[in-house]
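Novice: Make a model of the complete structure from these sequences and hints.
Protein chains in written order, with numbering that gives the first Met the number 0: chain B, 0 to 602; chain V, 0 to 488; chain P, 0 to 216; chain A, 0 to 313.
Worth flagging that the hints you see were computed from the coordinates, not collected in a lab.
It should be emphasised that the depicted structure is a prediction, and the values quoted were computed from it without experimental measurement.
We put the beta carbon where it would ideally sit given N, CA and C, even for glycine.
Some hints could be false.
Said to hold, decoys possible - Below, a list of computed lysine to aspartate or glutamate pairs in the DMTMM-like style, where the Cα atoms sit at most 25 Å apart:
no. : chain 1 : residue 1 : chain 2 : residue 2
1   : B       : K516      : A       : E293
2   : A       : K51       : B       : E495
3   : B       : K516      : B       : E557
4   : B       : K516      : B       : D236
5   : A       : K55       : B       : E495
Said to hold, decoys possible - A few chain P residues that don't get close to chain V, going by computed Cβ distances all over 12 Å:
no. : residue
6   : V35
7   : W58
8   : L65
9   : V67
10  : T95
11  : G180
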Amino acid sequence: MSVEGPLPGMVLSWQLDGLSLFFALVVLSISAVTTLYAIGHARHQHGFPGSGLLYALFVVAMLAVVVAGDAFTFLLAWETMSLVSFGLVLTDHRRASVRETAWAYLVMSHAATAFVVGAFLLLARTTGSLVFADWTARAVVLDPAVATLVFGLGLVGFGTKAGMIPLHVWLPRAHPVAPAHVSALMSGVMIKLGIYGLVRLSFDWLAPGPAWWGAIVLTLGATSAVLGVLYALMQHDLKRLLAYHSVENIGIILLGIGVALVGRSQGLPAVVAIGLAAALFHVANHAAFKALLFMGAGAIDGAVGTREIERLGGLIRRMPLTALCFLIGSAAISGLPPLNGFASEWLTFQSLLTLGRSAAEPHTALLPLLAGGALALTAALAVACFVKAFGVSFLALPRSAEAAAAREAGALELIAMAILALACIALGLGAAPALSLIGQLVPSAAAPLAGQTLGLGSVGSGRLVVPNVALVLASLAAVAVVLPRVLGPVRARVAETWACGVTLQPIHEYTATAFAKPIRLMFRDIVRPVRDVGIVHRAGTRFVASVHYRSHIAPVFERYVYLAITGRLVAGARVVRRAQNGSLQTYLAYVFAAVIVALLIAR
Amino acid sequence: MSLAPLLVLVPLVAAATCAVAASRAAAVSAMAASLTFVVGSIVAFSSFAGPPEHALYGLIYVDALSGLVVLIIAVVAAIASLYAVAYVGNAVRAEEIAPSGVGWFYVWIQLSIAAMFAVPLMNNLGLMWVAIEATTLTTALLVAFFRRRHSLEAAWKYLMLGAVGLGFALFGLVLTYYAASHALGEAAAALDWDQLRANAGALDGALMRVAFALVLIGFGTKAGLAPMHTWLPDAHGEAPTPVSVLLSGALLNCALYAILRFHLLAAGALGASFSSDLLLGLGVISIVVAVPFVLVQHDLKRLLAYSSVEHMGIVALAVGIGGPLGLFAAGFHMFNHSVGKTLLFVAAGALGQRYGTLRLSRLRGAFEVAPVPALGLVIGTLAITGAPPFAPFASEFGIAQAGFAGRPAALAGAVVLLAGSVLVFGGMLFHVLSVVLRTPPRRVHAASFPFAAGFVGLPLGVLLVMGIWLPPPIRDAFIAVAGVLEVVR
Amino acid sequence: MIGAAAVVDGLAIALLSVALFSVALRGLVSAVWLLVAQSILLAFVAATIGVSSGAAHMWAAALLTLGVRTFAVPAVLFRVLGAVALKRETRPLLSTRSALILAVGLVLVAYVAAGRLELSDAFPARQALPVSLALTFIGLLLMATRRKAISQLIGLITIENGVFLAGLIATLGLPLFVEIGIFFDLLVAVGVTAVLTLRINEQFDTMNTDLLRRLRG
Amino acid sequence: MNEAANVGLAVIHISLLVALAPGLSGVIKRMKAVLQGRRGPPVLQPYFDLLKLLRKDAVVSEHATAIFRWAPAVYAGCIATAALLVPVLWSTAPLAAWGDAIVLVGLFALARFVLALAGLDTGSAFGGMGSSREVAVAALAEPALLLVLFAVAWRTGGSDLSGASSWIIADGVAAFAPSQLLALVALVIVVIAETGRVPVDNPDTHLELTMIHEGMLLEYSGRPLGILVWASLLKQIVLFALVAALFFPFGIAATPSELPVALGAFVLKLGALAVVMSLVESSTAKLRILRVPELLGAASALAMLALVAEVVVG
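Specialist: Right, dumping it as structure tokens:
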């Protein structure tokens, strides 16, 4: 089915192969749930009149990106997606920071699209057509330099949309500003389309390239993962924290893709399969638990009115169901068994190990294994981050009046969150069937499966059967509870928490800043915290009246990469602007010079 | 008898009646514009379909390319005249224009429309030059219509630079005439475009190189190509909005039309590379020069003016790249830019009248003050800066695709196009957002803007539809235009 | 025939010297008179070519030149000058000496640029084409270095004269109706400029265009 | 080996580890005391403490929620499941068919997650401090642990622990290759950090400000505390078993007849490790929390070195 496009000989066509179907499934399922949530959440969010329409257009645009059959349709859908999400991010445009963020977001995605256009046109130059089918049918025979250029342009273009370090700057600024259901969709699904583009480019349209392509993706993936989670740990706005976690999870997905790329360049189909399966499986998992967590954050924001963790606390008593769903989401994102996060991270570990073992030269073997170390660091930091996020927000005593007065989220919101929570559990326990589905959809991503068991199945290689492990875990937990009863019943008496003899006040509790302090100090060279402490003495005395403490994380990328570029651009523009100095004589001189140059050229 | 001569006649008659019946000049001008719109469309679409036609004893010659320019002028003139009714009414109420001057305003408007229609229709290159000179003269006084110091300054520079440019163009024309008379014999036909185009091969090479160089710089000044563009932001910024619309939407294209005619002659005589490379070079320079002025700008209309410089550069780049796709996209982009820029200037004009100023720092909260023009401004900016799904993206994509598939210079041009459009997108959006959002000022002038939805909705609708699907007649039109512009490489 | 070529060359050189003289001059009134001199010389050139080639329309061109360039245009200029008190050009951007050096340099550039275009079988005036280009350049120089609006207009008319000279000698005159069109345009251009100059004078109560520098960026 | 035998073996496996766990802790305490010139508590003292705790009533904070109540059960379940993954007596660990080294690390992470949350649940400052430091230390220990597992897995064909140990048994002498030595030292440092031994944390003290692991348990009392302490001791013995399995798997039974020999070998290995631990504990002082990263950074570096030596030198 195709429609005549605006340029001669151009056809707007659609294509639906396994990969498109997989991403379409992810888009559809998550947007269905977020729509349900949006309806429930409407009473909090003062959307402008057209926001419902924009939201529907956003979902349609994302679907169109995934099923686009040629470069022009793809770009149409791609940029419409950015434009619409820009509109949605601008929902409460009263605040100047929101406008600034939305503008930065749109300009960065527009610049990314320019890179993608460059890559597409280079491909169109050699194949002579814009239709994707032509690009895959004749494996595009590019000479290496052009192929590398196309891959580089695609990586930058799609990487920016995915939120890969160092192109991630828009993500932690745009997501917290958007309303909950929009940021759930943006973070859960939209950034995955960047991954979709990258997978299409590197596995469908380009012939296998040199191994260092994969190495670069692996390095960028590892950096995104570690830095993403580190910055997340330092944030105390729940949504910014979740946004940085999107950067981290994109890093994990890129690790899978990197493994697949190296495998493809060295002709190891098994490695490609496990790498790609891990990446795609994590795409689905991340979509589920990230959307869940953003909805949770939205529910908290609706109930308490703030997303600042330092002013939450004790919400588990007032919002038990939200707390349960948020807990499941947190456990899933931290990669804890038996949930889906663990299953895909396990697969990513296995893919790194498999590549490490089967790589030809030693030095290509070393990189994936070290990336494995980075992934382990990321997983551990993620646990720390979500213990902080969940613990400080939900447990112990409420730190502010609003938190104390919080009320449970609406029914629809809870249903939406419950669906996704169950999805996390189902995808975890049902990891094997999910992976076999992915294998059928994308043949080149058929993970090594033997019935319920994940793993290569060769002697000594790792194996994982999530349901069985979960069963054993549950039964042993039960035994641990029942066995001591042999020694007779015991009673539990309720008393106050021990606080060195003082009745416990919310002030005694550990704040998020304090919780993250050890890690902040341990990684201070990377994270570079900035701290200013102001002490106000009572007039004329040495006695301290009040202490003012403010700490934030130096926006390294923003200051040294983005503001540097834009600053120089604007400064350069100011210099050039002086050329239009208003005097007719100068303008005549310009015309004169132009005539002289033209005559010289024409001689 | 073809309708072409009517295109010049109707505005002239209207100008005369406006001069006489000054009180009802607005209605006369609006009617004349609608009439020319209808006639212009008929002439244009007949030129796209059939072979080039002659009229008025060979004086008038209409091929597909001139048909496109006629169509553009018809559309832009109609919008400008219709909008002028509301604009001038508001201006008079705000004492910016003396009631006595209203009649003269419409006289000059219709005269300039007549002159603009004459440019693409004239077969004789000399008369074409005369028509372009006429457009300059008629619009010069319009630019200075507001009796403010800035308008006078803008008009003075506009006139001086325009006259100098056309002086050099005339010099080039004389050399072409010499080469033509040398090749075709002494007859008056030596300056007729169709004859010249037919046997351009016989023209002397060395002469045509110098002639094309002079013509390119000369008419380039009128088309606003850098570095001769310096008058453009002053003129478009200070002129009353309907005049800015005419200048930006139609007049630049007339000058570009003249360049394209000489480009075809030079290509015939010297082979395509010389003139294409010059056009491509000027196009790239225009895009590069426009960027800094868009990034740092303090006036809304000047911002739109620099965007016009960039888009004229893009069209020149497209013709320079050449090839069936490149030329198709060039014609397509000419049309898109005119429609989009007309919308933007109308919106800017409406806002300007509501705020009483066009300084970006004082334009705030336009969504609340004037929602329809504000929406038109934002979506128009997104369209004009080449964001899909609007038509300018399709044409710029076509140009880039042709560039990437073309010679190394074309590839470099396409890269500059992509980079330039991103920077301009960022710059313009930043300014427009600061205009549209934020909290509005307390005091705002009252200014009527009738059929606002029509003025904003229609062009946007056209740009949106053509961004996704081109109706067959329009597609054939652009193919025909590409056919005319086709230059055997 | 040969004699005519020499006459035309002589007239061209005279035209060039008049232009160079106007570069050196400061007074506005004298500048207009120099313009009149240029027009008369142009009329003679047209007449000479008309005599030698016998082309009827050359006579018409000569008459037109006399009519428009020698009478109408200066008349407008004098009327404008009448309305303005100050008759002298304020200090131009370049000192007279450096302006003259630059003018001579431009003439050289014109000769180099136009020299290669040997118009073989056109009117055998070797000097005329380079002179026309030189006149154009000098006109542009005048416009670029003068502050008064009127002198910029005079520079503009000098450019028009240069182009007109090229038109005359290169092809024994452009087709008549084109010629008429160009003359009509020149007249209207001068008219419009005069109106603008008066308005500037009325608004800024001086014709010094240095005040016209407020539109920047 | 049919199904019933498997289950039987699993039960023996888990009950052996559960039984020996407090004893191991007692032995280490006793050795430390001897090294420090004092008699020290009887080796069976931990058993008495645990049984006393399991019979006592619990005092639960008013702010405690379901997380506080369910934490002990989940914590114990995780550690027990992890125990089933490590080959101790029989060549293939009971759960070898369903999980591998990475699942072990995952289970430890889940245990830590639950316990840290329980620490925060009651709102006491000490619980918060304990959890914060526990996750911080773990954040540095896990990468080292995983790199060690990768180094071993690279040699033995994959991350399956049982496969690894039987490969090393078959390989024999090569087990003492230099890269393995580096990995062993790294793993020992990680074990010290994970079990809260002296350089990182002091298991015997109740001085709130210095406790990491104990800090989280502060609010627990009675039976839940008993379960938690027993589980953390179980974790310690599992880690020791892991060290044994990965570096000295010799003596693990391949046929039922060798089971007694395997038991003896296992006890011997535990003893050796206990000696090492007590030597380390009594010879070093507790590091400041901000110095711990240097120690664990060294462990990660050693693990990376082992990996490089393993992969590049081969």
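Novice: Against each hint, give a clear statement of whether it holds in the structure.
Specialist: A quick look at each hint next to the structure:
In summary, the hint linking K516/B to E293/A is supported, as the alpha carbons are separated by about 17 Å, within the 25 Å threshold. Taking the CA atoms of K51/A and E495/B, the gap is about 23 Å. The hint holds against a cut of 25 Å. Distance check on the hinted pair: K516/B and E557/B sit about 23 Å apart at the alpha-carbon level, within 25 Å; holds. A C-alpha spacing of about 16 Å is found between K516/B and D236/B, which places the hinted pair at or below 25 Å, so the restraint holds.
Note on K55/A and E495/B: the hinted pairing holds, with a Cα-Cα distance of about 19 Å set against a maximum of 25 Å. Chain V leaves V35/P outside its interface by the beta-carbon criterion, the shortest separation being 20 Å against a cut-off of 12 Å. At roughly 17 Å, the least C-beta separation between W58/P and chain V is larger than 12 Å, which holds for a residue marked as non-interface. At roughly 21 Å, the least C-beta separation between L65/P and chain V is larger than 12 Å, which holds for a residue marked as non-interface.
Distance check on V67/P: its Cβ is at least 14 Å (rounded) from any Cβ of chain V, clearing the 12 Å threshold; non-interface status holds. Every CB of chain V lies more than 12 Å from the CB of T95/P, the least distance being 23 Å, so the non-interface label holds. Separation of G180/P from chain V is inadequate, the least Cβ-Cβ distance of about 4 Å not exceeding the 12 Å criterion.
Hint 11 from the list above is the single one not met by this structure.
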